[in-house]
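Asker: Given these sequences and hints, build the entire structure.
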Amino acid sequence: MRTDKEKPVSPSEIIAKSPQIDKVGVEERVARFQTRSIKNESKMQGLKMALSMIDLTTLEGKDTPGKVMQMCYKAAHLHDQFPDLPTVAAVCVYPSMVKIAHEALIGSNIQIASVATAFPSGQSTLEIKLNDTKFAVDQGATEIDMVISRGKFLSGEYNFVFDEICAVKEACGKARLKVILETGELVTLENVRKASDLAIHAGADFIKTSTGKIQPAATMQITYVMLMAIKDHFNATGKMVGMKPAGGISTAKLALHNLVMVNEILGPKWLDNQWFRFGASSLANDILMQILKTDTGLYQSADYFTID
Amino acid sequence: MKSKKTESSTSWLYSPSPESTAHISLRESYDLYINGKWEKPISGKYFDSINPANEKHLAKIAHADQADIDKAVKAARKAYDTAWSKLSGSERAKYIYRIARIMQERARELAVIESLDGGKPIRESRDIDIPLACNHFFYYAGWADKLEYAFPTRKVEALGVAGQIIPWNFPLLMAAWKIAPALATGNTVVLKPAETTSLTALKLAEIIHDAGLPPGVVNIVTGFGDTGAAIVNHPDINKIAFTGSTNVGKIIQKAIAGTSKKATLELGGKSANIIFDDAPIDQAVEGIVNGIFFNQGHVCCAGSRLYVQESVAEKVIQKLKDRIQTLYVGDPLDKNTDIGAINSKEQLQTIDKYIKIGIKEGAEIYQPACNLPKKGFYCPPTLFTNVAQSNLIVQEEIFGPVLTVQTFRTVDEVIQKANNTPFGLAAGVWTDKGSRIFNLTTKLRAGVVWANTYNKFDPSSPFGGYKESGFGREGGVHGLSAYVKLS
Amino acid sequence: MERLEILKTYKIYIGGQFPRTESGRYYVISDKKGNPLANICLASRKDARNAVVAARKACGSWSEKTAFNRGQILYRIAEMLEGRKEQFVAELIKLGSTQKAAEKEVELSIDRIVYYAGWADKYQQISSTVNPVSSSHFNFSVLEPMGVVGVSCPQDSSLLGLVSTIIPVITGGNTVVALASESLPLCAITFAEVLNSSDVPGGVVNILTGTQKEVVATLASHMDVNALVGNTKDFNSFSEAAVDNLKRLISFDADWTKPEAHGLHFVSDVQEVKTTWHPIENIGGASSSY
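Protein sequence lines correspond, in order, to chains R, P and E.
Start counting at 1 in the first sequence, then tack on 1, and there's your number in our numbering.
Start counting at 1 in the second sequence, then tack on 1, and there's your number in our numbering.
Going by our numbering, the residue at position 169 of the third sequence is 149; the numbering climbs one at a time, nothing skipped.
Please keep in mind that the hints were generated in silico from the structure rather than gathered at the bench.
The beta-carbon is built from N, C-alpha and C at its ideal position, and this holds for glycine as well.
The reader is advised that the hints may include incorrect statements.
[As the list claims (entries may be wrong)] Pulled a few chain P residues facing chain E out of the computed Cβ check, cut under 10 Å:
| no. | residue |
| --- | --- |
| 1 | Lys95 |
| 2 | Ala145 |
| 3 | Tyr150 |
| 4 | Val157 |
| 5 | Gly226 |
| 6 | Asp227 |
| 7 | Ala230 |
| 8 | Thr411 |
| 9 | Lys434 |
| 10 | Thr442 |
| 11 | Lys457 |
| 12 | Phe458 |
Answerer: Here you go:
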């Protein structure tokens, strides 16, 4: 493995090493992934992979224990009528719902992810963010999805953003940390790349596009830029970092396009729910419908797939 | 309850996804399209067109000789005198729009045939060649009734009969580049496609027929070099438009020297693609790949000489090698194929010859591991590093998926190296700095300069070369000049 | 038994929809013998305002379409019009045309649209310049659409006048709020149906029926209308109202029935000119003798 001659030490040095990005070129590159035609066995394989990578998510003010329990049951029983389906990778809930999810999922291998750090805006003090994180972990969260301070990032306070991620990482203990960049607020691809590089160097186990509350969310262009950051880091250090596009991926077709992109940029090692996730609430059923279509040859109706 | 995981770390290979050939119709044999009719060649001679991807026979094609060409030129002359030159610009426009529309309707069929006959990936023929060809007709249709704006204060007249000879790398697109401006300006046409790729030009003849053009306005004659020579030497032709090799271009210029025939020549190239250290590096890598591996490198403006600034050379070459490993080489009709078949056995031999020369010259070769199909003509994407300006593989046009990589230190140095060639078709510049781009576009001696992109074509944008890459421009307003007499 | 004909309701065209005027008012147009032909919407100031809102909303995406794409869409209008030729001929005859004159008017309208379809990706090539400034800068000037353009369609020409004034304006990427001829409005609304079925996005062309006094006056004083196009003689009463936002007034005196009553200036007059300066660094190449 090659290593960079000088290892970047400070956030400003990390940022300075982030490459230039030409948006038009990125759009053309991404369009190429979208022209890949995934058929037959490779389609079935891809669909099942996508299913196993979902973080089944509910992040609403109106969430209740009842809603979370039902979603957890669905997470473990996606479509029992069809044999040998994987479960989703994780459920993703607010800290207050972690305990409910934890109890509902006892005995399964499904991870419990919780958003923390004053999600979704992140507009709070470090102390509250760390407490938020610790609370979620204490309640049983095995993964923490934090948000970065976008306001600080946009005003150039990279040290602040970097230190905050480091602190939350420490608070996570054994839980894996996903760092949400909220790319819709960072706007430019250069910013996305810089924020990715910062998060990776600060110890993120995963980098994640969005909260799902801001549009645009996980576009292919954004995910491409973040995957390239992961690739460059891997080439330089040999360390793998995971990727989670979240928000806006609601069809099997889009999920497959994303997997094609991961396959061709990062390679098969990342085609695993240890390293790639989809943050989604309605993706699972569309994939299930496609799996049954691929199996039976018949186009499916949503009436035959359970919501929760 | 147990979480079931799909097998990880096994590679995810895409199942074959071939484009259907069920909806195309090919005849067993094709005659010559002369004067609105399909005419047998007077000699009775035919040749085979094969699919370079599997060496299977596709159709028999008529081999036109001098007598056939004479018939075609007479038909074109008569059509010019009695029909085409009598029409108003706006009526000519409507005919050309019709051609564009019918081509758009039959686009997929044309794409499939283009890939079958020429070996290019269906993704390219479907997404690039055919749409561009349609758009070219659409664009020039609009000029037919606006020529006074293109040449203000001048009297604009057609030249008469245009003889057009096109290459095998972009068969239908080159036919469009030639025919559309000729018709828009009021000329009639005798066009010869290359012998390995006649089919889409013959399909275009069907389309032109269906569009109801007066007989003789467009004549499509097939054959070899002798057929082309018969066009070039025919005394009643007013204009020769040729795209092909520099050698043949010189022969043509010699043949018509001293006659009143006008000519435009679009010839070879050895274009420089220049990467500065502040370039958007991942997009530059894409641009390098697109620059040299587009259409198997069978592109006259291919970015075949790569110049990378030394401070980023190691990184760029590593990224380039990584990227090349993900290219799918194989069946042109598979929708996932990135690099298709080499157009002909002869061309594959030429490419192989240069690869051997490169190795002999001491250059370092890199080819990714890829399973090439057993039958058919294929060449993996190839990089040569450790080369110098004096290497033959840096100087001569290979016309295949072979890239030479050189490094440079300063702007001055790279400008000199880029210009240090008898060719001057195109160049690419990759840098984040706008003022540097304009410096290079000013200093590079090439007909097209792409900045932070490569191999972009548009009907509204003129294309053509400096120096031994030919003269005249195709596309845009400038493309009209080649087909008009001004007074 | 003879079949009873279904009569057509003529409504206005705003944002890709065909509402009735919000005012509920109408006026009657009649044939030469005085028999009523149709009830026509008498559009109000509020309708005009709604149309401007729709036109403004459509402005961004229409002007950002590629020139080629706009050309394709314009050509599609011509195709759709050709397919409904007979309907337009019939309407023109109802309004007093002879068969022959009606056919000629429709054919000329189709050809005129095709003509402008061709300009969509060419006007810029003829009108733009690269300016050889005396410093180390690359300097170029290109045309850009003005934005929302009010069009007061010719009074004496039902279809051809409308086509000749609206089409070049949208060719250049502007969006339009047009007032149809007051006395000959039938074809205008039928033409709106053609636009609506030919890939023209809703809001790019909005067509109202009513009076100049009410609709054009509203457009003239509207602060979010960038330019006003119409016949010179119709303009005098509105030119003062247009001053408040320095509205561009583009007036034409043309006999639209003449085949040559078209041209680049109908497109380029409804455009702004934008000039860009960009530095050119000057390094290297000294030893090449060019």
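Asker: Please write out, lowest number first, the hints stated earlier that are contradicted by the structure.
Answerer: Those not satisfied are hints 4, 5, 6, 7, 11 and 12.
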